[in-house]
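Student: So the chains spell out like this:
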Amino acid sequence: MSHIGKLLPFLFLIVATAITYAQVPEQDNRCLDCHSNSTQLAALTEQSERFHIPSDFKEQSVHNEINCTGCHADPGGYPHPEVVGLIQCGSCHENESTEYLSGPHGNPFAVSLDLAPKCGDCHNVHLIRRTSNVLSNVHVKNEAKTCTQCHGNEDQKNNILNITNRVDYDMPNRTIKKGIHFLDLKISDNSNPLTCSRCHGVHALSEKIGKNWQSNYSIEADFCGECHTSETISFKRNLHFTQEISSLSGNISLTCTDCHQEHLISNDKYQYNEEKSAGQMTGKCIECHQSVRISRTFAQNVRGNSPTVDSYHGATNIGGDLFFSDCSSCHGIHELNSYTGKDKESVKFSIIAQCGSCHPNAAANFVSSPVHMAQGELLDSEESIARYFFLALIVTMISLIVLSIIGDFYKLYLRKKN
Amino acid sequence: MSSETPKRYIRFQKPVVIQHYILMLSVLGLMFSGYMLYSLKSAETGIDPVGYFSYSSWEQIHIWFGILLGLTILWHFLYILFTLYGHSDFLHILPNKNDLKSLIGLGFKRSMIKKERFGLQEKITYWIIGVYLILMVITGLLQYANVYTANYISRTLYIYIDGFHGIYGFLMGVILTVWHLYSIFLKPGRFPGTLSWWDGKISKAEMNRYQDVKGEIMDDSDTGRGSQG
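In order, the protein sequence lines correspond to chains A and B.
Going left to right, the first sequence walks through residues 1 to 418 as this note's numbering numbers them.
Going left to right, the second sequence walks through residues 1 to 229 as this note's numbering numbers them.
Hints listed in this document are in silico derivations from the structure and should not be mistaken for laboratory results.
It is possible that part of the hints are untrue.
[What the hints assert, rightly or not] No more than 16 Å apart at the CA atoms, straight line, and that leaves these computed lysine to aspartate or glutamate pairs for EDC-like:
| # | chain 1 | residue 1 | chain 2 | residue 2 |
| --- | --- | --- | --- | --- |
| 1 | B | LYS187 | A | ASP408 |
| 2 | B | LYS14 | B | ASP199 |
| 3 | A | LYS118 | A | GLU99 |
| 4 | A | LYS118 | A | GLU154 |
| 5 | B | LYS7 | B | ASP199 |
| 6 | B | LYS123 | A | ASP408 |
Given the structure is predicted, the values throughout are model-derived calculations rather than measurements.
Given only the sequences and the hints, what does the whole structure look like? Please build it.
Tutor: Below you can see the structure in the form of structure tokens.
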């Protein structure tokens with residue numbers, strides 16, 4: 001091989017470097033001399049990774065027309081001053097900056113500046129890709145991962161908890177991805193999943209539900225109703241929505257996420273919570289309905305942990321059967337068939353019809369049975385009498401056995417004596 | 001010294017032994033599956049039967065054992081109605097004047113007991129077990145057709161049906177089983193028990209116990225040397 005042939009790879013490298021170099025402005029080349037060279041950076045600073053910039057970053061960055069000094073103040077020669085100058089994204093992205101500063105991430109009154117996520121934490125610092133680019137941190141497919149860098153991080157958990165006082169802001173990425181809105185292709189066609197920003201907004205994080213729902217819970221129902229229209233219409237007529245319940249944080253009514261959760265919304269009819277098991281619906285209802293105050297308000301006595309668990313319905317419910325009756329089977333879900341305040345006759349006919357949907361031959365006498373197993377004092381006394389009757393029967397039987405055993409041994413004694 | 005096999009005499013015919021096996025199996029199966037169903041409805045038992053079967057599955061198991069028990073009870077009725085042995089057994093187990101005298105004498109007068117095939121205590125045990133099993137089958141059927149039952153009977157009665165077929169029925173079943181086992185194996189004079197439940201045959205000693213009793217069924221076909229004593 002000739003000398004030229006041996007030098008060909010090096011010539012090719014020189015030419016390629018020259019072409020790459022020529023694509024960036026002269027001043028940027030000066031910056032990249034050091035900042036794209038890991039070895040040199042490592043010799044100069046302990047934070048070499050932080051200051052490293054790939055030499056070709058501009059090819060992929062949306063900011064490829066902007067020089068380094070477009071964002072950074074000119075640092076002059078090396079060594080640079082301690083503070084080169086704060087990056088001011090807002091000088092170009094004014095609206096986004098204003099929104100960000102008004103939202104929980106940017107509001108200095110809401111968060112500690114040290115902890116607050118900055119633009120680069122989501123968008124990346126130098127390699128800022130378009131949001132439509134599937135490699136972008138804020139592309140819909142990567143959004144959950146980006147948000148859960150903090151919201152799913154154990155180290156950040158306490159920080160977030162201290163600032164927000166809400167545990168549900170700690171949400172691992174895998175949890176979000178289990179939810180139907182993220183996964184269901186019918187909803188999201190997998191290229192546009194219903195991910196964080198669709199509900200929470202982008203920079204202000206309060207355009208849609210975000211924090212506003214706390215002051216006006218109809219915002220959340222309206223938001224969900226954009227897709228779930230019929231459910232929302234039914235729900236808005238529902239006692240749960242129309243009747244406010246006094247709580248420590250003021251008068252509130254229930255809204256979608258109180259039952260469905262915020263992030264892990266399942267497609268399974270019987271899975272309303274994280275755990276996939278039958279009976280979660282009942283479990284969800286009794287979270288509130290085992291409260292004595294609510295029971296009294298709605299003239300409904302419940303016993304133990306569940307109003308139905310002692311019944312056949314309750315037993316099949318916890319017994320793992322896939323076909324079972326839970327609260328929603330009789331009361332409905334969003335429309336909520338409430339019997340409170342209705343006259344006895346109409347309630348009776350409604351209940352006969354309701355029971356008849358599963359028990360076609362159910363008649364008036366059938367539905368006169370207490371629904372939640374313990375509705376009043378009368379039943380308790382009836383049950384008590386029956387209980388004492390059976391206990392007396394059992395005691396009698398045991399006494400009879402004991403007497404017969406004593407008799408047997410007494411006869412044995414008499415036989416031996418004679 | 002004789003090396004002959006000890007003589008064993010047929011006490012129960014093969015169909016009787018087979019029905020007893022089926023009865024044992026169905027009662028044990030019903031008690032077990034019934035307790036599993038109860039466990040599902042009550043947290044008190046500390047058992048988690050859901051790990052094995054769902055409520056419906058336990059229910060199906062319970063129903064099939066119930067059918068087995070129902071068939072055994074039907075066999076008893078047919079046995080009593082259509083066989084000589086059945087007639088005889090049933091007539092012997094019916095309460096009579098001697099039982100009253102025996103009850104007054106608290107069963108301690110040996111002469112009175114010896115005249116009967118079944119003693120007072122045995123009669124009481126069998127009658128209680130019989131009535132208990134029939135009631136369990138009836139209440140079970142009523143619970144199976146619970147919609148119809150609830151349509152036509154009062155809630156109070158349903159509570160008693162539910163209670164009898166529920167945990168109280170289970171406890172009664174356990175007590176009766178213990179009583180029955182005591183009568184067969186542990187009772188003075190019977191200890192260490194008989195193997196008649198296993199092959200329907202009894203030993204010479206056991207046979208002698210019945211020899212005075214009128215209408216005793218024995219058959220020497222087993223050894224060829226057996227006799228009615």
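Student: All the hints need checking, so say for each whether the structure fits it.
Tutor: Checked hints:
| no. | hint | in the structure |
| --- | --- | --- |
| 1 | B/LYS187 - A/ASP408 | holds (7 Å) |
| 2 | B/LYS14 - B/ASP199 | holds (8 Å) |
| 3 | A/LYS118 - A/GLU99 | holds (13 Å) |
| 4 | A/LYS118 - A/GLU154 | violated (20 Å) |
| 5 | B/LYS7 - B/ASP199 | holds (14 Å) |
| 6 | B/LYS123 - A/ASP408 | holds (15 Å) |
Hint 4 alone, counting from the list given before, is not met by this structure.
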